[in-house]
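Asker: Sequence:
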Amino acid sequence: MDILQTIKALSNETRFNILEWLKHPEEHFSPQEHMPASCDFKGGICVGSISEKTGLAQSVVSGYLVKLQKAGLLESRRAGQWTYYRRNEEGIRRFIEQLKEEL
Numbered sequence: 001m002d003i004l005q006t007i008k009a010l011s012n013e014t015r016f017n018i019l020e021w022l023k024h025p026e027e028h029f030s031p032q033e034h035m036p037a038s039c040d041f042k043g044g045i046c047v048g049s050i051s052e053k054t055g056l057a058q059s060v061v062s063g064y065l066v067k068l069q070k071a072g073l074l075e076s077r078r079a080g081q082w083t084y085y086r087r088n089e090e091g092i093r094r095f096i097e098q099l100k101e102e103l
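The sequence shown begins at 1 in my numbering and counts up one residue at a time.
Calculated directly from the structure, the hints in this document are not laboratory data. Quick caveat: nothing in here was measured; it's all calculated off a predicted structure. Treat each hint with caution, since some may be false.
As the list claims (entries may be wrong) - Dumping the calculated SDA-like pairs for lysine to any residue here, alpha-carbon to alpha-carbon at most 25 Å:
1. K100 x A37
2. K8 x K100
3. K70 x G55
4. K23 x S62
5. K42 x L4
6. K42 x E75
7. K42 x K100
8. K53 x M1
9. K23 x Q69
10. K42 x S62
11. K67 x L56
Just need the whole structure built from these sequences, with the hints factored in.
Answerer: Right, here's the structure in full:
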């Protein structure tokens with residue numbers, strides 16, 4: 001894990017908020033009714049729902065989500081025409097541990 005890449009990903013307030021909202025998605029987003037029942041991706045929220053909450057264009061939010069995913073903080077799953085994102089709890093745990101070690 002590149003700790004600086006992760007810190008840079010978190011340095012944007014909207015990206016930080018997205019990660020925070022995804023900690024308790026049921027409190028911040030409506031149910032993902034279009035997620036197929038066969039898609040086992042609990043807590044996953046589609047890009048459109050995240051975009052709506054941020055008030056930003058879907059293309060901007062998609063870029064933010066990719067940056068968070070590359071930093072190891074999110075994971076994604078494609079189901080039909082939608083892409084869902086959720087927190088990568090293991091990646092977040094590793095980041096915190098590495099940060100403790102290095103600082």
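Asker: All hints are to be evaluated individually against the structure, with a verdict given for each.
Answerer: Now for the hints, and whether the structure bears them out:
1. K100 x A37: 39 Å, violated
2. K8 x K100: Holds: K8 and K100 sit about 17 Å apart, inside 25 Å.
3. K70 x G55: 23 Å, holds
4. K23 x S62: Holds, at about 18 Å.
5. K42 x L4: 29 Å, violated
6. K42 x E75: 11 Å, holds
7. K42 x K100: Violated, at about 29 Å.
8. K53 x M1: Since the Cα atoms of K53 and M1 sit roughly 29 Å apart, the hinted pair is violated (cutoff 25 Å).
9. K23 x Q69: With a Cα-Cα distance of about 15 Å, the restraint between K23 and Q69 holds, given a limit of 25 Å.
10. K42 x S62: 20 Å, holds
11. K67 x L56: 16 Å, holds
Going down the numbered hints, you'll see the structure goes against 1, 5, 7, 8, while the others check out.
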